[in-house]
Structure formats: structure tokens, C-alpha cells
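Peer 1: Chain by chain, the residues:
Number of protein chains: 6
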Amino acid sequence: MEDLPVILVIEDDQAIQGIVDEALTDGGFEPAIAASGAEAVTLLKGGQIKYRALVTDINLLGRIDGWEVAKRAREIDPAFPIIYITGAAADQWAAKGVPNSILLTKPFAPAQLVTAVSQLLNAGSPPTAPA
Amino acid sequence: MEDLPVILVIEDDQAIQGIVDEALTDGGFEPAIAASGAEAVTLLKGGQIKYRALVTDINLLGRIDGWEVAKRAREIDPAFPIIYITGAAADQWAAKGVPNSILLTKPFAPAQLVTAVSQLLNAGSPPTAPA
Amino acid sequence: MEDLPVILVIEDDQAIQGIVDEALTDGGFEPAIAASGAEAVTLLKGGQIKYRALVTDINLLGRIDGWEVAKRAREIDPAFPIIYITGAAADQWAAKGVPNSILLTKPFAPAQLVTAVSQLLNAGSPPTAPA
Amino acid sequence: MEDLPVILVIEDDQAIQGIVDEALTDGGFEPAIAASGAEAVTLLKGGQIKYRALVTDINLLGRIDGWEVAKRAREIDPAFPIIYITGAAADQWAAKGVPNSILLTKPFAPAQLVTAVSQLLNAGSPPTAPA
Amino acid sequence: MEDLPVILVIEDDQAIQGIVDEALTDGGFEPAIAASGAEAVTLLKGGQIKYRALVTDINLLGRIDGWEVAKRAREIDPAFPIIYITGAAADQWAAKGVPNSILLTKPFAPAQLVTAVSQLLNAGSPPTAPA
Amino acid sequence: MEDLPVILVIEDDQAIQGIVDEALTDGGFEPAIAASGAEAVTLLKGGQIKYRALVTDINLLGRIDGWEVAKRAREIDPAFPIIYITGAAADQWAAKGVPNSILLTKPFAPAQLVTAVSQLLNAGSPPTAPA
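Protein chains in written order, with this note's numbering: chain S, 1 to 131; chain V, 1001 to 1131; chain C, 2001 to 2131; chain Y, 3001 to 3131; chain U, 4001 to 4131; chain A, 5001 to 5131.
Careful, some of the hints might be misleading.
[Said to hold, decoys possible] In silico lysine-lysine, DSS-like type, Cα no more than 30 Å apart, as pairs:
#1 U:Lys4050 <-> S:Lys45
#2 Y:Lys3045 <-> V:Lys1106
#3 V:Lys1045 <-> C:Lys2071
#4 C:Lys2071 <-> U:Lys4071
#5 S:Lys71 <-> S:Lys106
#6 U:Lys4106 <-> U:Lys4050
#7 A:Lys5071 <-> A:Lys5106
#8 V:Lys1045 <-> S:Lys50
#9 C:Lys2050 <-> C:Lys2106
#10 Y:Lys3106 <-> A:Lys5106
#11 Y:Lys3050 <-> Y:Lys3071
#12 V:Lys1045 <-> S:Lys71
These aren't lab readings, by the way, just hints derived from the structure by calculation.
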């Protein structure tokens, strides 16, 4: 099992990015940082690397915010696990989030992130029709 | 208990509208038909009637489709129960649907609709933090 | 399959009792009406009839309210399905309700009651550790 | 919506078969009765009719029991909704049942069957990765 | 993200308190220890600190046990995440626990506690009507 | 709390076994390694040690594979938590897995395993009838 599950991360805030990076690495995941929403979409479309989940902040530099990146990811793979991180936009999740996603509100503990990614990956791997 | 729970319904197809109307009435709900997405949004914003759930087709006459009406409904009430009905757009639910919604694919049985509305209402009434 | 699943019902309000009785009967259940919380506890303890679920109003005549009857039922059978009906006490469910119960807020549609009972019975029959 | 969702039913007991047939029809489904487990597997493999769910008794005439038919159905379609009906074999579900299935214990109310089928169909239509 | 999510902990047993304290800290939470059930209720009512969850033993020194503290916490905030820890009282959870709570039976692994807190926090932050 | 929850592990691949062993130990569990499916069944039947969950690879040396060990474990305890690990057999879970089990697909992160075990243990300890 030389490979680790690669998690695509979009986070402009350097401090939060460091926390996310360390939490995922400690949990045994391999974080891959995208610099912007547009880059993340390009990486997901490219298909060179098999990303297993997306962790994204809501407010991003550039034209594409976190809500939009998640939609694009789901157009490519309808079962793609999505975790949103936000400080201010939590009340928008019910309207702008995608189904079966998890939203983490800042401040969050690293364990919450690792649990969120794990829950979505554990549920998603086999074909799970009903809950 | 003179009142019945009122369910807002947006369905252009007369045949389906009849099925939805009869199924909800038989289940003990009171269906309220909106002629378009725009009218539905106006009714939800008006707040004159306390709607308990939204049942909406995806492809609607006018500028606002079912995905958009659902988002508007959730901006007004983040816990509002949403049931989508669709013949062709099922694969878009994972990207365009709102969290905690149910999608019914045509053809569906009336019992599926009644169960979907009931499930969402039963889960939503009390403050249910975690599942 | 000569027997029907018997559902114990405690409801002082005659109008609601009639609705509950008819809804359960139409769904294929056999409602058994208890006149008070105390009588319901006696019936559950007696064990003469194998009740499959409890449907109870919150405000009851006598000393034992619906919250208390449910607790007693769970002391006898920890997996016993509980459905509360209430007009005014919905906000107390999170503090006074038992785990894995469903609360119906008046006005409710008969289909909601039948779906609630069915959901709990369908989930509860086999040993279902995790969800 | 000229078509109805077709539900494949395997039930040797004539009385139960009648109840299942009537409950599904009343709910708006179209029951299709298979005479044995072997015939059901043939029908599922044939692919002439798009069955939407399987309702099966456990003890069947012939060499293939309900546990086995369900496994075969899931080999053909990993997300296929399965509802088992049983009088005596409920305690075997945890070892012999397939994931995300529902078991109904006799006696059951027709509403339980209709709710079970509806729950599985409602959950299964869109790609639902995590619960 | 200078702040950490603060978790209120009531645990009389020094050894268990040490395990809980270390597990939460390692997970990135900030544990706040209350000396008794009464003190915990005072802290929750005071509202000086925004506690995100309650971890409580069942048997506590003083007049208020863990079941009661949880009820009080839910009266203040109906969506408040509750985790019970118990050695002997597990069979009472179905009657005395609050809805949507988690019970850990001793002996438990620290990872179980961290996962339990994370699951409840991840589910609870956005308005999640149905499961 | 001198004891730790003991998790029975069947994994032929030495590298994976090392990862599983370390992940469980770090999470605060006590892994107990069985050399084969047959030995695991013997240990579960023996009842000398109270195992709390089973983590098993699918392809095992000897006559009994992981699917079969899980069935045997569920015959002994219908609520026994099961986690499958597999590289190639993920698509067989829907047909061969037991209800309420979790399947981890290689490569997986250690955090996924710990979260999976914790989720099943947290859900399973109290009598949880409906989800």
C-alpha cells in the first residue's frame, strides 16, 4: 500500500492551510494544495491524479468560490466527497451546498476535518444505494 | 386539528400535477399549486401561508427552474424540506441539488412521493442536530 | 398472517384520536387505545399483548405525561419504537424525548404518522447496530 | 408518466402474496410475481423489464432461497433495493442479508412494505455517496 | 483561527478525566473541566464561553447526574451535542438519554471519544433538517 | 479503565497488518491478530476474550475468506461491528457484505480505519433500534 489517498485542498488563508495540511498528513492522507478554484477544477478535469475528496474554503481568490468548485467536482464525479470550511458563510450551506457534503465552521479542531474526510470516504467507496 | 400541512407544488405537466395533487390529498396533505417558479418564490417570501415543504419539477416554464426555486426556498428557511421530481435531470442532483433533499425519478409511484414528504417533515420538525 | 401489528395509542383529544385510529387502520395496523398514561404503562408491563410501537400525545389526563410513558416503555424494552404527537411542546423534544424517537407536530397528515410508525418498525426488527 | 415502477415479488404463501400484491398496487407500484427464486434470477438477468426493487420471502420452493436471490440481484446491480419478508428467519438477517436492505417480520402492515420500498427507491435513484 | 472549539467535560474519575482531557487536546479541542453537574449547568447558563459540546459521565458527585445535565443543556440549546460516558448505566440510555446523543461504554478508546465529538459537531453546525 | 477495547484483525499482508496494528494502537485500541479466518472464528466462538469489532481482509490464506468470517461473527453476535479491507473486491461488497458493515478500499489512510471502527462502536453499544 505504497500510495496514500490524495485529498485536494483549496485554502487561501496560510494559517488554516497549514492546519489542514498537518491534520490530513497526520491522519495518513496526502494533501494536494490548489492555489485557486480555477486550478482545482483544472486538476479535477485533468484526471492525472485520482483525488479522493475535496476540502475547500468558501471565499477564494479569483472568480470561482468554494460553492462553485464543489458543483464542478460533482459534475465530473457525482459521488465525490466534499468538505467545506468557512468562518462566515455557514448559514448559506443549506442553499448553496451540494447534497451529502459536510461543512466545518471555524474554529474547528483538526480531528473534525479528519473525521469528516474519513466519514465521507468510508461511506462512498462501495455502491451504497440507500442509507 | 382543522388545518392540514400545506405543500407547495410546482409542476407544469398536467398529468404529473394531477398525480401529485391526488397523492398528497390522499395522504392528508393540502397541495397548493404554483404556476411557475417565480410565483412559488413570491408565495414563499410572502409568508401569508405557512408552507411545510416544496415539491418541484426541474424543468419549468419561465426563467426560474426547480434547482433555483429550491435554493431560494432554503435562503428563506434553511431547513425547508425539498422534493425534486424529474424525468431526465436525475444525474444533475449531486451537483445542483440542495443538501438533505430527495429526488424522485419518473416514473414514480404516488407512495414514493408521500413517503418522501413524510420523511422530510418527520425529521425536520424538532431541532435535529446530528443524525 | 392473521395477526396485525398492534400499536398502543394514548390520545385524549377525541378528534385527533379518530384521525390516528383511522390512519393506523388504513395502513394495516391495529390500534389499541389506552385511556391514560398509567393505563398504557400497565398494559406494556402486563405483556399480554405484544405491542409493536407507542403513539402518544404529550399532554395527558392524569399524572403521567407522554414523555414519562415513553421512558417507562423504554425501560421495559430499550428498542421500543416511540412516536410523540404534540401541538405545543415540540421544542421540548430535544431535552425530554428518548433517543431514536419521532415527534409529529400538529397539524400533521395521516401519512406522516403511518410513515413514522413504519420507519421505526422497519428499522427496529433486525438487530441493527450502526446506521 | 404512463409507466409504473415495477417491483419483482417472490412469495410462495398465497395469502401473503395477495397482501403484498394489493399493498404495492395501492401504493402505485406494479408488482410482478415470480414463481421461484430461479425464475426471479432469470428475469433479473434477462433485462427485458427494468425492475426497480425486489421483495422476497426467505423460504422459497426450489433450490434458491431469498438470501441467495438477493445476492444474485446485487451481483447484477450493486445498488438494487432489497426487501426481505420473513416469519422465522429474522435473526439471520445480520449474517445473511445484504447491506442496505430492509427486513419485514411477519405479521407486518401493508404500509410497512410500501414505506420500505419507497424509502429504498427514494434513497437510491441519485448517486448518493455518503449518508 | 486562534481559538479552539471548547468542550465541556464532567468526569469525577481522575483517571478517566485524564484520558478524556488528553484525547480531546490531541484532537485539537480545548477541554474545560467542570467539577460537578451543578457547576456545568451554571457554566452553560452563564454563556460567557461558547461551549460546543458536552462530554459527561453518568454518575456524578452531587445532586445532578449526567442524564440531568444533558437535559438542562438541551433546554438551553436544543441542538447541543451530548456524549455520555458510562461503565454501568449503558442499558439506561434508551430511556434516559436525549435524542441524537452518543453513549460511550467503558472501556473505550480515546479515538472513539474524538470521533463521537467530531461526528456530532460536523453534523450540527449547519441547519440539517432531515438525515 | 485499565482495559482497552480489543479489535480482532485478520490480515495476511504484512505491510497492511503493520499499518492496521499501528493505527489501532495509536487510536487507543488493542489489536489482536488472527493468523487465518479459521483461527478468527475459533477465537470468536471461544469467548475467552470479549472482542469489540472485526477488521478483516477479504482474500485470506486458507479456506475461509473475509466475507465468510464476517458471516460467522454475525451468527455469534448479530450486532458485531465488521470492517472489511480490500484492494480488488470492493464491487462485491453489495452482494457479499453483511448489513451495517464498512468497507475500506486500499489505499486507505489509517484515520479512515480508526474512524470506521469508532463509528461502528459508538453506534452499536446502546440498543439503537432505528437510525
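Peer 1: Hints broken by the structure, by number, lowest first?
Peer 2: 1, 3, 8, 10
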